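Using the hints, position chain V against chain A.
Line order of the protein sequences matches chains A and V. Taken in order, the first sequence gives residues -18 to 707; the numbers are from my numbering. Taken in order, the second sequence gives residues 2 to 139; the numbers are from my numbering.
Because the hints were derived from the structure by calculation, they are not lab data. Only a predicted model underlies this, so the values are computations on that prediction, with no experimental measurement involved.
With a straight-line Cα cutoff of 25 Å, these simulated DSS-like cross-link-like pairs (lysine-lysine) come out: (1) K241(A) <-> K267(A); (2) K111(V) <-> K623(A); (3) K297(A) <-> K241(A); (4) K11(A) <-> K148(A); (5) K93(V) <-> K111(V); (6) K614(A) <-> K105(V); (7) K627(A) <-> K86(V); (8) K11(A) <-> K143(A); (9) K112(V) <-> K86(V); (10) K(-3)(A) <-> K311(A); (11) K86(V) <-> K623(A); (12) K61(V) <-> K267(A); (13) K93(V) <-> K623(A); (14) K311(A) <-> K(-1)(A); (15) K241(A) <-> K203(A); (16) K627(A) <-> K267(A); (17) K277(A) <-> K623(A); (18) K582(A) <-> K297(A); (19) K627(A) <-> K61(V); (20) K572(A) <-> K277(A); (21) K666(A) <-> K614(A); (22) K614(A) <-> K627(A); (23) K169(A) <-> K(-1)(A); (24) K666(A) <-> K61(V); (25) K212(A) <-> K623(A); (26) K297(A) <-> K564(A); (27) K212(A) <-> K277(A); (28) K105(V) <-> K623(A); (29) K297(A) <-> K311(A); (30) K564(A) <-> K277(A); (31) K212(A) <-> K61(V); (32) K623(A) <-> K112(V); (33) K148(A) <-> K169(A).
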Amino acid sequence: MDNVFTFCRATAVAVKNKQNLAVLLLDFEKAYDRVDWNFLEGTMHHLCFNMTWIKGVSCLYRNAHSQVLLAGGVGPRFNITRSVRQGCPLAPFLFLLFAEAMHLFISSQSMGLHGLAMPMHGQDILDSEFADDTALYVDGTLPNLQQVEGALLQFCITSGAKLNWEKTVAFWVSEEPPPRWAPHPTFKWTQRGVAVRYLGVQVGIDLAPELHVAPLLLTLRKKLFLGSHAKLSLAGRVIIANHVLLSTVWYIASSWIFSKSCIGQIRRLVRNFIWAGEDRSHVRAKVAWCTLITPKQHGGLGIIDPLDQCMALLAKLIVRGLLPGHAPWKQLLMQRLYRCAPPKGGLWSDSIRWIFIPDNKHVKTRNWADTFFNSLLRAWEHVHRGLGHGVPTCEEEYLRQHLVWNPNMRLPSGHMLGSRTRLDWAKLDAGPRASVDAWKSFHTLHINDRSEFFSSLRGRRIMWDQVQSVLGNSASMVWSFNPPKWEGAFTRLQVMVGVRGYLSSGRFQDYDVEEDGSICRSTTQPEILEYATFSKIRVLAYDGAKWIIDPQVDAVKEHWKLRVFEKKPLIRLQWDPGEFWWKDPFDRAEKRCEFFQYSVKIGRHILAAQRRTTPRASQFWTHQGVTSEFLAKFWRTLWDRKQDMKINVFQWLVIHRALPVGQWLQQSAGPTACIYCSCQMETLKHCLWECHVAQQVWRRVFGIITFMFRDVNFLWGMVIWLRWHK
Amino acid sequence: MMWPYEACPNDTIIRIQRGRIMVVQRSHMEAPYMLKAMQEVWELLCTTTMWFIWTARCSKVFGNITIHPVESVRNVWMQMVHTLKGRYDEIKGETDVAVLQRLKFIAYWKKAPFLTLQNARPMWCLAPPIWLFPPPIT
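Excised from the complex, chain A in its bound form:
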């Protein structure tokens, strides 16, 4: 689904940046069958596979032969010289190597191909592959397109692949007319508004929303109502609804925004299926939808709400996007998420911190006119409320805390510090600033005034985003002034950088390292240091005994204390995922899970918990003396009880007063009298208890209980026990 997301966002970015972009959805003819073994072995060798492994794989394929079974007869034996066998568990992985080779070949500098320009990352997006489905995003100039054609031809000759230009789909994303480029006589650009199926999803340029939604609803309707003749019980319908929806809708929903009307139509389909088993125009629901979608442990039926699920899936997109890596979809996602600014204007540059601000109403995004990202932001705003922020426990965590909008940093009044100006943000939220003692004093509420705390921090230390980006591969602190004791200040990472400070007087201030390892300023004591520019960066590492200037990367790593993912520090993110945790509000064990362990189920439960719906039948429960403690225990035990699921669901219906007895049918002008007796209004109590037919059953069933009480000793023991515990 990431590839579909890449397609959608890449075309949107190209339109936004007014870049001529050509998108080619390549189709390789018999992709698996044409994989050349020599090429495959060469690829594995190039990717540093062990020779033993390469030989082992070769043994499975070399000297193989095959026969064709045709019309009951076996044909002559012939040797196989290429292909990976489809159906073999190893084949997809081998084909991945083939696809990786194509990616490396196309994106190599020597080819000189230009893709979709990404100004933030400085690296073009050129291709995305999923098995044998390859999408190329190339700059729409004629020479570039010709180069792409040449590169593909060269790759096909080398690898044995064959490109099927007749089935290859090409989109032209620009207002300008496409160039006269035709790699094949049958090649033509796909018209705007025409939908093409790519990885099971309808994609296209300027595609009408109906073209996405209509096939989906049709599929959903077919799947849901195909088995309606089977007369499933309510319990069975719940399972079918959840699983059919899961397989059909969620695949698309993970990277696509459904409109409100589409969500409404999906809800209507599911509701009709649950209560009627068929798609009718008027179906009376026995229980409200908001109760249905509540988890089972809290009195609902556990139906998955399409809106909640879509929002939870979108939130997962952000969580996945925060993981390290430079996949094309991630670049396209993050380059928009980084663009945020305070409401009163100003420059926050590339900061992802806003994602963790509890109240992100104070953050607005620059040029945020995209429907997709608006929905993404809205979804995250809701799901984010379930994100907990751990209290810092060590110096490193204290230093990493941001001041503004941090629930751990509150004034005695209970309010969080806010940042409405660029200055505040730059000074207070750009990174750790104070000594640990000052920070702890704030945390323990020894500082009563914001300005008092700010003044205590003034002129201390600032971590700058731009320096972080310059350093790129090292987690470092940047110091723009001269604290009295250098060593004491560098306990965080034991890695620091030399900086050139820009003084108010216009002079530069350099810090150097002496031969004996001590650090000193190269010029005289400066006046007030306004801010720092960083024209010269030198990394110093302190291993506890001596300073190392510009150490090797491996040496720096030894001193890192930050979490490292895939050998890349979280420096750009400026946050530690270990400080954040998710908590499922409906989890009995109240277990916390780490930030990257976010699941759609957790997100859905967080959204459901925010609704706090009360079942309509609860008004009767209080009259009948049913307490909330009893209910909480009852909901827990109801679904754990090992008996027929249909009986459990029936009991759930009884509790919610949703059985279609006469009293319930009265609203729809149905028959109201009891069918057994002369009672004119059949109530739930009458039907299941008071009616003489029900009474005959109950009296006989009570015989079983009486049988169990026949043991007089047991009765006597119980009386004593009750007296004892009175």
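What follows is chain V alone, placed relative to chain A:
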């Protein structure tokens, strides 16, 4: 400490708490222990009975098929037996934990008339007892 159910001393009860096997004195635990067993019986009987009263009512309304209360009681009995048998058969294996779970199950349900013990194994009473069907109540 392991022994067959029938050889278990009368004044002790074997329980499994938090994955540990515990032997506790029956005199301290008897009343709440039995009440718990009764509670389970009561919950199962109630829900099953309501279900069959409802199905009988629906048969009458939608299909005009009259199901006699005696038939409903027989259905309740059969449903209870099958439910309990399913629960017992779910405990598989001959490990210590599995054996103790079986013992626990039998200790819970032996007072109910749905099963009898024979060589420490439950014999399921598929036919409801005759005392359940007195003359029609008027």
